[in-house]
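S.K.: Listed below, chain by chain, are the residues.
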Amino acid sequence: MEPKKLVVTASPHIVDQSSTRGLMGHVIIALMPALVASAFIFGFRALLVTGVTVAACVGFEALYCVLMKKPVPVGDLSAVVTGLILAFNLPATIPLWIAVVGAFIAIVVVKQLFGGIGCNFANPALVGRIALFVGFAGRMTAYAFPETDIDVLATATPLVAGKSLSSMDMLFNLAFGIHGGVLGETCSVMLLLGGIYLIVTRTISAAIPVAYLGTVAVLSLVFGQDVVLQLLGGGLLLGAFFMATDYVTSPFTLKGKIVYGIGLGVITCAIRFWGNMAEGVSFSLLIMNLLVPYINDLTRQKPLGGVKSK
Amino acid sequence: MLAKLKRSAEGARVPHHKGTAELATEKMPLPEKIVLPMQQHIGAPCTPAVKKGDTVYVGTVVGTAGGFVSADIHSGVSGTVEAVDSVHMPNGAVVPAVVIKPDGNQTPDPACKPPVVTDAASLVAAARACGLVGLGGAGFPTAVKLSPKNLDQIDTLVINGAECEPYITADNREFLECSDTVMRGVAAVKEYLGIQKVIFGIERNKPEAIDLMFSLTKGDSSYSVQPLDSRYPQGAEKVLIEKTTGREVPRGGLPSDVGVIVMNVTTVSTLGKFLDTGMPLTTKRLTVDGDAVTTAKNVEVIIGTPMQDVLAFCGVKEDMEKLIMGGPMMGTAVFDPSFPVLKQNNALLAFSGKKAHLPAPGPCIRCGRCIAACPLGLSPVEIAGAFTKGDVDGLNRLMVDLCMGCGSCTFVCPAKRPVAQTMSLAKVMQKNGGKK
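These protein sequences, in sequence, are chains U and B. Residue numbers for the first sequence follow the numbering used here, so the first one is 1 and each next one is one higher. Residue numbers for the second sequence follow the numbering used here, so the first one is 1001 and each next one is one higher.
In short, the hints are calculated from the structure, not lab data. Mixed in with the good hints, there may be bad ones.
Claimed, not checked - Estimated spans, in silico, between C-beta atoms of each pair:
#1 Gly135(U) x Lys1431(B): 48 to 58 Å
#2 Val1428(B) x Ala137(U): 52 to 62 Å
#3 Leu298(U) x Gly1019(B): 45 to 55 Å
#4 Leu1005(B) x Ile29(U): 28 to 38 Å
#5 Arg1251(B) x Leu113(U): 39 to 49 Å
#6 Gly115(U) x Gly1390(B): 16 to 26 Å
Where a beta carbon is used, it is the ideal one built from N, C-alpha and C, also for glycine.
Based on the provided sequences and hints, a complete structural model is requested.
M.R.: Structure representation (structure tokens):
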């Protein structure tokens, strides 16, 4: 055998099949049922808003990286996920240019200016939503059904309006999303389906959603609120399964994830019960996002052999 | 659940690829020459004990131990010393090497007689005379392992038959083909070191070996067989000790600090053979596998045989691009196929095409999978951050020195980052106090 050039690398010499693109792909798949539901509930405009937001996110990411002479990372699909989640946080009636502004804030300001994927201090889609919410409050809460004529339903979220509905109707409406809200948050069944898909494919750990939803349920009971309404109304499911579980802005360890989930639940309930806003998911996420480095510091695992020698 | 809160320690779901588990060991024909580097163990290199033109026999010492932590090296063939040369080890170090041309007779050295063992000291002397080192891959001299300072506090002998690395089935074959010498060696260590309890730790993917050990140890309560989950890295010393005894080896400590000695099954079996025959460690069973190998086999190889001869014996495809001594998780990539088989080798893996190359790394997405996988509960993503910043205090706080380089973090990383390599560099930085 004649000598040939061999490849030399440090061990290990095998790696698993996972990839960043694969994980983001799972999230995209998991968001699809809710997207389909939103198209049924809010009509074609829901798809239009989503398409524009996704295209804007991907476009801004590519443009920024080209201008900055960085490798263009859109192949990892993370901008698509950001676009989808941002769109899910917008009402179907939103003027498209506002959606594009949101995409700019999410991708350029929150993600790329801080160093791109893995370096953002908060969930990009979340900050995009909050910026629009603060800047365009009226339009962000115009929860209308543009292509249906049922103006009756063009009301606030069930967290405001729900108490007037009878309980069976309410449950049905909450489960299938026949109520006002941003376009991706209303159909609880489809969001749950996506969340379960993420857990089964091990894309996310169940710890954060379980701790978050559990805390909200317990606090609702304690303070005499309607548990079902609190869990299924508003953006809680969307937030718990798809936004709180963002890798970069959630803690590393199981202990950290549980602390994070409980913190989210407490703040969400505090805002909903005693704040002057109907909805508390966004701001609780933002606050907890900022606390993640400290949670990581305080919830580190104890290594095997971490005991001092003698 | 509570344990998971303290430490996830999932390990890596590596593929097993144990296709050679059923294959009986084949003996390889004599090579044209053998090359014996003077470093086949952890510790001081050996000094060549022969010179060009000397006649040697099977079992003749050709390299004398260079210190306390060292092990003699013996010739596996009878013949003539062709040269006392030097070789490049796979890690780049240059060490002396004895090259021997076999005469084909395989005459044993008349000096090789079964040792007389009556107590701990003579058992340690026997391990030394055998040139025995940890054969699971680490190559730590067995004589040193068998002489802990606190011998009276050692109450448990753990026999490592986990064999958690993919592909390798050499230890499995040792159980199945050499169970008598396994038991002989275990009994000797148990008796002469005065150890009360022996635990065989074997992964569940070796049911035959588990059954055999159960039947051989039945009726003696001082022996137990502990089937282990087939999850890499069960065979890592500290992990194995925790799984079998529940004890935690302290940072910077040794297994003996918690009253345990861990020996690989092939090591203990080789000791058993030496007690019977007096023939030192000169051959080794290798699992030869990988997609660039035509017929995967378990092969008994004379130590010092060039790897290309072993590959030729099993058949190797033209497009081989990577050659690994050891398992795919912790083994070393070799740059020259003429490099010889060493004592501590237990596998030779040849890969081609895509399998020979690792995917290109992307940016870290901070998913924390490396933390969940780390069998020791370390925090590779944070260690990598501290390393990039040159933060030695951070590295100390994150206890990077505990890392054993098992590679689970790299295996699970979705961004395909070389995490384990960063961990090794961080360990060096921590040791040097800030220099990369």
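S.K.: Compare the structure with each hint and give your call.
M.R.: Verification of the hints:
no., hint, verdict
1, Gly135(U) x Lys1431(B): 48 to 58 Å, "holds (53 Å)"
2, Val1428(B) x Ala137(U): 52 to 62 Å, "holds (55 Å)"
3, Leu298(U) x Gly1019(B): 45 to 55 Å, "holds (46 Å)"
4, Leu1005(B) x Ile29(U): 28 to 38 Å, "holds (30 Å)"
5, Arg1251(B) x Leu113(U): 39 to 49 Å, "holds (40 Å)"
6, Gly115(U) x Gly1390(B): 16 to 26 Å, "holds (18 Å)"
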